[in-house]
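Here the protein sequences come in this chain order: A and B. Counting from 1, one number per residue, gives the positions in the first sequence under UniProt numbering. Counting from 1, one number per residue, gives the positions in the second sequence under UniProt numbering.
Rather than coming from a laboratory, the hints here were simulated on the basis of the structure. Among the hints, a few may not be true.
Identical copies look the same in the list; a pair holds intra-copy or inter-copy alike.
List time: in silico DSBU-like cross-link candidates among lysine-lysine, alpha-carbon distance up to 35 Å [to be verified]:
| hint | residue 1 | residue 2 |
| --- | --- | --- |
| 1 | Lys33 | Lys8 |
| 2 | Lys3 | Lys69 |
| 3 | Lys103 | Lys33 |
| 4 | Lys60 | Lys102 |
| 5 | Lys8 | Lys60 |
| 6 | Lys8 | Lys102 |
There are 2 protein chains.
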Amino acid sequence: MIKLNFEKMGGLVPAIAQDYETGEVLMLAFMDKEAWEATLSTGLASYHSRTRNTLWVKGKTSGNVQHVKEIRIDCDDDTVLLKVEQAGGAACHTGHKSCFYKK
Amino acid sequence: MIKLNFEKMGGLVPAIAQDYETGEVLMLAFMDKEAWEATLSTGLASYHSRTRNTLWVKGKTSGNVQHVKEIRIDCDDDTVLLKVEQAGGAACHTGHKSCFYKK
Numbered sequence: 001m002i003k004l005n006f007e008k009m010g011g012l013v014p015a016i017a018q019d020y021e022t023g024e025v026l027m028l029a030f031m032d033k034e035a036w037e038a039t040l041s042t043g044l045a046s047y048h049s050r051t052r053n054t055l056w057v058k059g060k061t062s063g064n065v066q067h068v069k070e071i072r073i074d075c076d077d078d079t080v081l082l083k084v085e086q087a088g089g090a091a092c093h094t095g096h097k098s099c100f101y102k103k
Numbered sequence: 001m002i003k004l005n006f007e008k009m010g011g012l013v014p015a016i017a018q019d020y021e022t023g024e025v026l027m028l029a030f031m032d033k034e035a036w037e038a039t040l041s042t043g044l045a046s047y048h049s050r051t052r053n054t055l056w057v058k059g060k061t062s063g064n065v066q067h068v069k070e071i072r073i074d075c076d077d078d079t080v081l082l083k084v085e086q087a088g089g090a091a092c093h094t095g096h097k098s099c100f101y102k103k
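Please build the complete structure, drawing on both the sequences and the hints.
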């Protein structure tokens with residue numbers, strides 16, 4: 001069982017979503033304990049919405065959910081890397097596949 | 001000129017380092033304004049060390065510097081994605097190529 005160091009990060013750890021086939025980095029968001037546990041139990045990437053201060057199951061309204069294929073955590077247990085299958089073709093609310101479309 | 005929204009993030013924006021050839025995600029750290037400007041002016045990935053509260057030029061002591069090949073920012077200008085050439089073969093202080101070696 002993976003244990004994340006939420007305390008160190010003030011309750012929120014950064015989570016990177018990466019396309020599990022292409023390796024493209026899709027987005028970064030934050031997870032609190034609730035979002036982490038929801039991700040583990042449902043297999044759908046879930047984050048903590050800082051603007052709405054609530055659980056955010058990615059794609060729940062848009063349909064662009066992220067099916068988690070693999071989870072990695074970093075050396076000091078305070079960052080998550082999700083390898084996901086992105087439904088709907090777009091991780092970004094702008095319609096781009098990745099949020100990182102600005103060079 | 002890229003402008004980052006440091007204010008939104010309490011002065012520190014997350015920065016993902018990704019191998020520019022393989023697409024492997026190497027590490028995540030944080031940048032303050034000083035680290036961001038150092039990265040732009042030197043071409044070497046520079047972060048803010050939260051433990052030492054100072055500028056951290058990645059690899060300055062170990063030699064495992066990161067040559068920045070491309071910079072992307074996300075849709076709302078508060079996360080950085082660096083595509084880097086990792087010198088010395090290891091981004092992680094544990095000797096692993098990537099910090100995300102735990103599945």
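Which holds for Lys103 with Lys33 at a C-alpha limit of 35 Å: within a copy, between copies, both or neither? both (33 Å within a copy, 18 Å between copies)
Up to 35 Å between alpha-carbons, please classify Lys3 paired with Lys69: within, between, both or neither. Close inside one copy (18 Å) and across copies (34 Å); limit 35 Å.
From the Cα coordinates, with 35 Å as the cut-off, is the pair Lys8 and Lys102 best called within, between, both, or neither? Intra 31 Å, inter 19 Å, cutoff 35 Å: intra and inter.
35 Å Cα cut-off: does Lys8 pair with Lys60 within a copy, between copies, both or neither? Both ways: Lys8 and Lys60 sit 29 Å apart in one copy and 25 Å across, limit 35 Å.
Give the relationship of Lys60 and Lys102 under a CA distance limit of 35 Å: within one copy only, between copies only, both, or neither. both (26 Å within a copy, 28 Å between copies)
When no copy is named, should Lys33 and Lys8 be tagged within, between, both, or neither for a Cα gap of at most 35 Å? Classified as both: same-chain Cα gap 13 Å, cross-chain 22 Å, threshold 35 Å.
When each numbered hint is compared with the structure, no violation occurs for any of them.
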